[in-house]
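K.L.:
Each chain, written out:
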Amino acid sequence: MTAPRVAVLDYGIGNLRSAQKTLERAGADPVLTRDPEEVAAASGVVLPGVGAFGRVMEAIRETGVDEIAHAAVASGTPFIGICVGMQALYESSEENPGVDGLGILPGTIRRLTSAETRIKVPQMQWNRLDLHGESPLFSKLPEDPWVYFVHSYAPEATDDVIATCEYGGTVTAAAARGNVMATQFHPEKSGRVGVQIITNFVELCRDPAFSEPERSAGESVDAAGQTPDPAWSERPERSGKQ
Amino acid sequence: MTAAARVIPCLDVDAGRVVKGVNFVDIRDAGDPVELAARYDEQGADELVFLDITASSDQRDTIVDLARRTAEEVYIPFTIGGGIRTVEDARRLLRVGADKTAINTAAVRRPELVKEIATEFGSQCCVVSIDARRMDDADAPASGFEVFTHGGRTRTGIDAVVWAQEVVRLGAGEIMLTSMDRDGTRDGFDVELTATVSDAVDVPIIASGGVGTLEHLAEGVTEGRADAVLAASIFHFGEHTVAEAKELMAARGVTVRPPQ
Chain A
15 MTAPRVAVLD YGIGNLRSAQ KTLERAGADP VLTRDPEEVA AASGVVLPGV GAFGRVMEAI
75 RETGVDEIAH AAVASGTPFI GICVGMQALY ESSEENPGVD GLGILPGTIR RLTSAETRIK
135 VPQMQWNRLD LHGESPLFSK LPEDPWVYFV HSYAPEATDD VIATCEYGGT VTAAAARGNV
195 MATQFHPEKS GRVGVQIITN FVELCRDPAF SEPERSAGES VDAAGQTPDP AWSERPERSG
255 KQ
Chain U
40 MTAAARVIPC LDVDAGRVVK GVNFVDIRDA GDPVELAARY DEQGADELVF LDITASSDQR
100 DTIVDLARRT AEEVYIPFTI GGGIRTVEDA RRLLRVGADK TAINTAAVRR PELVKEIATE
160 FGSQCCVVSI DARRMDDADA PASGFEVFTH GGRTRTGIDA VVWAQEVVRL GAGEIMLTSM
220 DRDGTRDGFD VELTATVSDA VDVPIIASGG VGTLEHLAEG VTEGRADAVL AASIFHFGEH
280 TVAEAKELMA ARGVTVRPPQ
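Line by line, the protein sequences give chains A and U.
Take the first sequence: its letters are residues 15 to 256, numbered as in the working numbering.
Take the second sequence: its letters are residues 40 to 299, numbered as in the working numbering.
Only chain U is shown next, with the shape it has when bound in the complex (with noise of 0.2 Å):
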């Protein structure tokens, strides 16, 4: 079998515009959503995917044009998360041409929002992202990989790997793991998060969350297990291209689909 593992350049999205936040607080701007997922095609990206962190609801709809814009110019799938809550918000991105709705928060508070989506429009257009953090006091799952929401605020007393086992039950094609002890940090994935999950599930997994080198994608395939590897500032801001990060996931022997 011939399974290349895929990377995936994250844009995320507020109000139409591309941003990247260094555990949250430090946002800067890295230009127009459309015109870095077409570079990110042209460099070999395997797929895309746009995070909507709008917050204002008057502004919702941005993402609505962002996915049918992106529809219009690039010939690679893509992801939209943020702000769906219900099957009509999935609707309305996959019919102007999104390839799959990334639910998290949302899932969280009505598990059955999963199997909605899975039911109405197939589990291929279902991910399920998944924020998990290390806890260690007296309230910490079993894993010792917890659930947040929020944006990773809000702590759920939810197992991380149970709640993974859950989704997937439920109808989810996919799982989106941000470790948010790494996220922002470049310190590389949470491989031990990733292998966890990627070992107690047989959806593909999607790791998150840290990547600062390009070592640390090919470690996500290696020793996390992952099926996919997601990253955003070391895209973003030119220090690498898709290219050189999987020419380098390939010299550590990582199957990947060769830029064409």
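Bound-form chain A, shown alone (with noise of 0.2 Å):
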């Protein structure tokens, strides 16, 4: 079985190394890259992420990234957000109000906060998983799976949700919308659990099918059975890259 090919996209801030390491142990074949070609023919896309949210956006946009991931998006690749990577692709945060997100999926970014309990903010720990219905980026997980998170802010709460945790409430943990999926804890600082995620990613990248249009645009995977957000259904369909 060929490794497939997974851009890791590099817009200059934080270190790429542990991702890079866990998609090689997962069996993909990984490249840092900002490349527009180079991330244009990979078979998966990583956009990883690190610190303050404004600091993120702005060189995504300086490098150019902003393009780059609209396109891998567009075409229906396998694509994922990781921590500050996954809060890029919504569409703003209260972390540095006016600065636009990626706008890729519909929310903003909320600080951690509690009325009932005191918690420590920063989330700087590991946290049990709570699954909302069946994505394919967390099979073969074992039972309350458990993951490392190092994170102030986090997802509204929208139809896109798949995965949260319970931090003074519920916490949005992961997302997905068709080709699309964001973790807001670090899969590749999660121990076995995380590289499980990372090999089901890998997967996902083999599958020709599940780059294919029909499945990669507007599907809804609310498990409560909410519609798509209309934006998003009003999105040109993407092209599958067979």
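Source of the hints: derived by calculation from the structure; they are not laboratory data.
Possibly wrong hints are sitting among the right ones.
[Stated by the list, open to error] Calculated cross-link-like contacts (lysine to any residue; reagent style SDA-like; alpha-carbon spacing at most 25 Å):
#1 U/K154 to A/N214
#2 A/K134 to A/K154
#3 U/K154 to A/E109
#4 A/K154 to A/G41
#5 A/K35 to U/R78
#6 A/K35 to A/A73
#7 A/K154 to A/N214
#8 A/K154 to U/P298
[Said to hold, decoys possible] Now the in silico label distances, taken between C-beta atoms and shown as ranges:
#9 A/R142 to U/A177: 27 to 35 Å
#10 U/H189 to A/G68: 34 to 42 Å
#11 A/E108 to U/K154: 17 to 25 Å
#12 U/D238 to A/E76: 41 to 49 Å
#13 U/D241 to A/T184: 19 to 27 Å
#14 U/D241 to A/E108: 14 to 22 Å
Glycine included, each C-beta is placed from N, C-alpha and C at the ideal position.
Relying on the hints, combine the two individually framed chains into one complex.
P.N.:
Next comes the structure, spelled out in structure tokens:
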């Protein structure tokens, strides 16, 4: 079985080595890049991210990774955002009001707080995932999977949520919409569970059916059966890569 | 809220090899750090801490290599402490894959370093390590716990509780609190010290120094109110696994991440 080429989007912030090594362990052939052609040719794309939302968005725009990310999402290729790379996929963040996110997923990023519970921010710990619905990203996980979080902000609850954790309230831990997936936690730091999640992502990169337009175009993954966001449905159909 | 107490094996590293001092005198070699780290990952360790005690400056780069190799082979978070004096020192370690850096003496000497690291990389990357001793002489600080530096040899006159609050104000995201009275004794954590500091700040506290039994690990959380417990020798020589530690802690009512 050949290793699928996975592009790890490099916009000059943070250490990408851990993500790269986890992808290798998961059977992928990762490349750190912001070359549009190299990304377009890849079977999967990872958008990592650490630090403040505003600084990450600034670096993403300065390096042209915003256009590259939009193109990759539109192509139907499996795409995953990790930590602040997840947050960047949304429209905005309370961390830096006025700074636009990529707007690939509807919603905003909110600070972790709770009226009832005094919680420590950032959440910097392992926490148990509550899975919502069936996502191929979370296949073959042990019962009650634990993953590692380091964050002060998280996406608000939307129809796209596929996993949450409890931290002074229910916190978005992962989301998916068509070919776009995202985790607020760090799979590359989540031991065996994390390696399995990345392995599942690499499996999707191998799967030609996953990237087909009818799969990727506006499919809602919401378990509660709510209607997809209208703005999303109006997006142009993405062409498959095959 | 699901808050799981973390179990953190600590590896003291000298020129790329793991050592653990008993009261910093009787140093024994416990093997290759990355090999041990991978073993702890498999056993269910939640994090790892490497403390670089390399004395000679020409071997300082060994810790950067170690951080790089660890990031490539271990899939849990790890912290590197020891010998970090500048933002650039921290940057070199974080860039190759360390998740956090711990500073100790350098922070006492120049507290702005805490702020600089926290501002540059975020508070989550900035651990301040505090070595404290009980003092009851005329010069002892109000809390009775005094900060020591240089591996516990140098008295500072600083109150450990006041210092903890100060570093949190400067941006520390976590405090690794070692009782120098207990370190290496295997008599258990100084839970009074741990609880006093834990109550005084709202960042996570890693209790350190003195673990000789698995019960001590549970006590660090139940009595010391620590968010994480750190131990070295009980794990290194195969006396106990991390999985055993978590089983015992769970039996004492402490929430832990089950080994998966």
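K.L.:
Hints first: check each against the structure and report whether it holds.
P.N.:
Verification of the supplied hints:
At roughly 39 Å between alpha-carbon atoms, U/K154 and A/N214 are farther apart than 25 Å, so this suggested pair is violated. A C-alpha spacing of about 31 Å is found between A/K134 and A/K154, which places the hinted pair above 25 Å, so the restraint is violated. For the hint pairing U/K154 with A/E109, the CA-to-CA distance comes to about 19 Å; that is within 25 Å, so the pair holds. With a CA separation close to 16 Å, the supplied pair A/K154 and A/G41 stays within the 25 Å bound.
Among the hinted pairs, A/K35 with U/R78 is consistent with the structure: their alpha-carbon atoms are about 18 Å apart, no more than 25 Å. This hinted pair checks out: A/K35 and A/A73 have alpha carbons roughly 23 Å apart, not beyond 25 Å. A C-alpha spacing of about 8 Å is found between A/K154 and A/N214, which places the hinted pair at or below 25 Å, so the restraint holds. In summary, the hint linking A/K154 to U/P298 is supported, as the alpha carbons are separated by about 16 Å, within the 25 Å threshold.
Checked against the hint of 27 to 35 Å, the pair A/R142 and U/A177 fails, with Cβ atoms roughly 50 Å apart. Distance hint for U/H189 and A/G68: a CB-CB separation of about 40 Å, consistent with the stated range 34 to 42 Å. The hinted window of 17 to 25 Å between A/E108 and U/K154 holds, with their beta carbons roughly 23 Å apart. Between U/D238 and A/E76 the C-beta distance comes to about 44 Å, which sits within the given range of 41 to 49 Å.
Look at U/D241 against A/T184: about 22 Å separates their beta carbons, and that is inside 19 to 27 Å. At roughly 20 Å, the beta carbons of U/D241 and A/E108 sit within the given window of 14 to 22 Å.
Against the hints set out earlier in the document, violations occur for numbers 1, 2 and 9.
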